[in-house]
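2 protein chains.
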Amino acid sequence: MFILAPDTGLIVMVIQIHPITKLPMIKPGDDLAQLIYDATIGTDTLRDGDILVITHKVVSKAEGRLVDLSSVEPSQAALNYSAQTGKDPNVVEIVLRESRAVRRMAPGVLITETRQGFVCANSGIDKSNVAGTETYALLPVDPDQSAKRIRDRLKELGGIDVAVIISDTHGRAHRSGEVNVAIGTSGLNVLRDRRGERDLFGYELRVKNIAVADELAGAAELVIGQADEGVPAAVIRGYTYRRDESSKAVDLVWPRDKDLFP
Amino acid sequence: MFILAPDTGLIVMVIQIHPITKLPMIKPGDDLAQLIYDATIGTDTLRDGDILVITHKVVSKAEGRLVDLSSVEPSQAALNYSAQTGKDPNVVEIVLRESRAVRRMAPGVLITETRQGFVCANSGIDKSNVAGTETYALLPVDPDQSAKRIRDRLKELGGIDVAVIISDTHGRAHRSGEVNVAIGTSGLNVLRDRRGERDLFGYELRVKNIAVADELAGAAELVIGQADEGVPAAVIRGYTYRRDESSKAVDLVWPRDKDLFP
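First to last, the protein sequences are chains P and C.
191 is the number of the first residue of the first sequence in this note's numbering; add one for each residue after it.
191 is the number of the first residue of the second sequence in this note's numbering; add one for each residue after it.
No wet-lab data here; the hints were simulated from the structure.
There's no promise every hint is true.
Copies of one chain are not kept apart here, so a pair can be met inside one copy or by any two copies together.
[To be verified] Simulated crosslink set (BS3-like; lysine-lysine; CA at most 27 Å straight-line):
{"no.": "1", "residue 1": "K345", "residue 2": "K438"}
{"no.": "2", "residue 1": "K212", "residue 2": "K398"}
{"no.": "3", "residue 1": "K448", "residue 2": "K398"}
{"no.": "4", "residue 1": "K398", "residue 2": "K277"}
{"no.": "5", "residue 1": "K398", "residue 2": "K217"}
{"no.": "6", "residue 1": "K448", "residue 2": "K277"}
{"no.": "7", "residue 1": "K212", "residue 2": "K338"}
{"no.": "8", "residue 1": "K438", "residue 2": "K277"}
{"no.": "9", "residue 1": "K212", "residue 2": "K448"}
{"no.": "10", "residue 1": "K277", "residue 2": "K338"}
{"no.": "11", "residue 1": "K438", "residue 2": "K338"}
Isolated chain P (complex conformation) (with noise of 0.2 Å):
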């Protein structure tokens, strides 16, 4: 969005967040694009240029993507990670099972590299807005490919071209709390690369590749964290981002042998 500023006439450039509230509870076997459509259309909240970031816990549920802790049975490696953790033994499972790796692990902490690559704790899977006290939500299969699909439907339904973003909370090293960052994208460059562009001494930047999709995972959270536990989406308007039919979330997943912190 564009202000003119009062006193110079100067126009400016706003960013501006909100919520998409009215979304209903969803459920495996949704459409959970045409339910976005339908929460938005006629209310001038999703429109061309636009970011839609998800929280990844609809997308799973629509994908069925769900998991009954009654149905699984400990491994022994699973154990072996429950009796060193304290964490219940079946969820270990679960966690074993969407995981690649075991990076780090802590009294009441199993930092995993998930199978899509990411590094996160208990491998993305969760419980909370689950329906059913023993089911955990799990990762999306492939999110980016989800978002693409998410993207693809709504350019169907209205003919709206938007950059979809799906989001998770992550834990950080180095710094406490969490944050939401992209765990799948389409439309967008993940990344801006300033590197080559000049400061304002005419300096040439020689390190800044920002993690836009990361930044703007972050900001939809302001507004999906305020509102009530029933919010699980929000609409960016205003970023010019970086158009691009390729590039994804796994991107910014540092390879293990290049990753300082592995």
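Once you have looked at the hints, place chain C on chain P.
Structure of chain C alone, referenced to chain P:
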């Protein structure tokens, strides 16, 4: 900001982010709060309850935290690290002076724990947007104190009570690209602790503790990064932060002995 959703009559919370344009080039000794006040007064760009995000570079400049490379004599340690990383020995000397530990080294890369405790490349020293071909900006000595001084001065000048965040651009473990994070704050709780809240199904959240100061710093970068290099600050409106006079950005740093990726 609240807007009325046209079809439902529901009031929806919207977050707005806008840049502070019209700031002059900052020099040592400048009263940065006065300059921000002058640039925003009468334009409705700064109001009670807003969050003012300032990139640390202008804070460092105003505080005179600048070092000329030619004034530096590299120590033996700096020469050693320089040989191992291929980095300029005088730059390495400044990096070491601003650090309390070297965390990682690789060709072209020196990741340190800064005197303030942040884990980042080159102790946060940086050449970009600094006048003088050999001049580097250091981090403010105590960015939380810097944020408090700016906040107090804005109160004094205009009776405006805003939260202040001083941001820097950090790389991350596990994920490529950089994001803006909070290195100094005043007036807000840097975390939004949701543990103990109930989810949609009454399940108690056990792990959500969101580093909102970092998400706010990243959100502001979206505006700052797409503006000209001359825009070093942005205002976030519509985010209901928890007021807190004692919470600090350094609270977001894991002590090394608790960091799982030390």
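Tested hints:
1. K345 to K438: within (19 Å within a copy, 44 Å between copies)
2. K212 to K398: Cα proximity of K212 and K398: across copies only (24 Å, versus 39 Å in one copy).
3. K448 to K398: within (18 Å within a copy, 29 Å between copies)
4. K398 to K277: Answer is between; shortest inter-copy Cα gap is 17 Å, intra-copy 40 Å.
5. K398 to K217: between (41 Å within a copy, 23 Å between copies)
6. K448 to K277: Between copies only: 19 Å across chains, 30 Å inside a chain, cut-off 27 Å.
7. K212 to K338: For K212 and K338, only the intra-copy Cα distance (23 Å) is at most 27 Å; the inter-copy one is 40 Å.
8. K438 to K277: neither (33 Å within a copy, 32 Å between copies)
9. K212 to K448: neither (43 Å within a copy, 41 Å between copies)
10. K277 to K338: neither (35 Å within a copy, 42 Å between copies)
11. K438 to K338: Cα proximity of K438 and K338: one copy only (10 Å, versus 39 Å across).
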